[in-house]
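J.: Quick note, the sequences are listed as chains A and B, same order. Everything in the first sequence is counted per our numbering, starting at 523 for the first residue and increasing by one. Everything in the second sequence is counted per our numbering, starting at 38 for the first residue and increasing by one.
Since the hints were derived computationally from the structure, they do not count as laboratory data. The beta carbon of each residue, even a glycine, is placed where N, CA and C say it ideally should be. Be careful, since some hints might not be right.
[As the list claims (entries may be wrong)] Not everything, but these chain B residues come out facing chain A in the computed CB check (under 7 Å): (1) S132; (2) L144; (3) E148.
[Unchecked claim] No farther apart than 27 Å at their CA atoms in a straight line, the calculated lysine-lysine pairs in the DSSO-like style are these: (4) B:K81 - B:K91; (5) B:K91 - A:K618; (6) B:K52 - B:K115; (7) A:K618 - B:K81.
[Unchecked claim] A few chain A residues that don't get close to chain B, going by computed Cβ distances all over 10 Å: (8) Y547; (9) Q567; (10) S592; (11) S595; (12) S602.
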Amino acid sequence: AQSVTQPDIHITVSEGASLELRCNYSYGATPYLFWYVQSPGQGLQLLLKYFSGDTLVQGIKGFEAEFKRSQSSFNLRKPSVHWSDAAEYFCAVGAKIYNQGGKLIFGQGTELSVKP
Amino acid sequence: EAGVTQFPSHSVIEKGQTVTLRCDPISGHDNLYWYRRVMGKEIKFLLHFVKESKQDESGMPNNRFLAERTGGTYSTLKVQPAELEDSGVYFCASSQAPGQGIGAGELFFGEGSRLTVL
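Next comes chain B alone, as it looks inside the complex (with noise of 0.2 Å):
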């Protein structure tokens, strides 16, 4: 079974302009995640899709931001304009039942797609 696939894996633009960043979750999971690790900080969350539906976006930064997920499968993530503190690497993680609850399943996460401002 495949895993979470993330691209590009990296990523160089310059400030101003737009990336699309694509994860592709495992198979029949309802539940997507994006997290973000800025250059030595911790991981964070940004938001979470229950199939198309955003069910929590309160860690998006801002409104260059824009998640998608159409028709439930993969998602994306385009940063419009870029701006330098948007570096750092997203990652994507998916599960089949909500959250991480009992009786529901891990949170399986993607290799990550690095993003590098200029």
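Chain A extracted, bound-state conformation (with noise of 0.2 Å):
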């Protein structure tokens, strides 16, 4: 079954701290990937995708993510967290297939907390 599972449902992290927020898929082909994030009171935004080609992207706030085929994996990445990115973030998959590239399967979400 396809499915996408984000092991952390909470990580509490300090200002200026590293973070790796982990994501593992189960799909039948590699499909495109995306990490969400979702501020408190907004809608959700996309933090980055990839589609092919290089497998560390670069993202929107500083983040990126890399994809690695052998571990069916894409992990989301900040050198250096700043408070505002609080927030809950989502790691999702979609397909190849044209006109179904929007059905995405998501995970759970990892909630984010920033110490000062």
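Work from the hints to combine the two standalone chains into their complex.
T.: Take a look at the structure:
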């Protein structure tokens, strides 16, 4: 079955510390891969996406993610966390099929808290 | 440019009542999606409109849910009659190009409509 697993439900890091959020997927073929963020009172915002090519992708707000095919993983990283990064983060996959790419499968989300 | 707008932001109803959620996509976006997040669970796809046509409604839970997109502009999602398990946050998203494939646009999400069924 197709699924996305985010093993960490809640993570707390200190401001300025590095961050890594884990994401593993189970899919028939290599899908499109996404990370979304939802800040309080906001909609889901796309942080970054992987379609093909370079396996290290850069996103907005200083985030990056690395696709590892052998591990079926797409972990999100940031070298130095800011208090404004406190939010819920969602990993998602989408099919590489015309007109079906918007039918995403999401992980359960990781809530990030940032300590001052 | 206005983003995806959803209302109401929060609705509290009793079991057996009817609720209608509305989504206004970004102007010019032909693709409109509905997703739902039940408490503590992952966000799940409900259905996909291309203009006024239902492209894929494989995620709709049952026939108590009815989605429409008259004229290919805004969309409504009606739940009738509502059950306790329908509680959750309903997200709408829109995109200009088909899906998320290469050359396609990203999904833009609204803030969600929280539904509480008592």
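J.: Compare the structure with each hint and give your call.
T.: Outcome of the hint check:
At a threshold of 7 Å, the smallest CB-CB gap from S132 of chain B to chain A is about 6 Å, leaving the interface hint in force. A least Cβ separation of about 6 Å between L144 of chain B and chain A falls short of the 7 Å threshold, and the interface hint therefore holds. This hint holds: E148 of chain B has a C-beta 4 Å from the nearest C-beta of chain A, less than the 7 Å allowed. Distance hint between K81 of chain B and K91 of chain B is fulfilled; the C-alpha atoms sit about 17 Å from each other, no more than 27 Å.
For the given pair, K91 of chain B sits about 20 Å from K618 of chain A by alpha-carbon distance, which is consistent with the 27 Å threshold. Proximity of K52 of chain B to K115 of chain B is assessed by CA-CA distance (about 14 Å); at most 27 Å being required, the pair is judged to hold. Proximity of K618 of chain A to K81 of chain B is assessed by CA-CA distance (about 18 Å); at most 27 Å being required, the pair is judged to hold. Every CB of chain B is more than 10 Å from the CB of Y547 of chain A (nearest about 12 Å), matching its label as outside the interface.
Here Q567 of chain A does not stay apart from chain B, with its beta-carbon only about 7 Å from theirs, under the 10 Å limit. For S592 of chain A, the non-interface assignment is confirmed: its Cβ lies about 23 Å from the closest Cβ of chain B, beyond the 10 Å cut-off. For S595 of chain A, the non-interface assignment is confirmed: its Cβ lies about 17 Å from the closest Cβ of chain B, beyond the 10 Å cut-off. For S602 of chain A, the condition that its CB be more than 10 Å from all CB atoms of chain B holds, with the nearest at approximately 26 Å.
The structure shown violates just one earlier hint, number 9.
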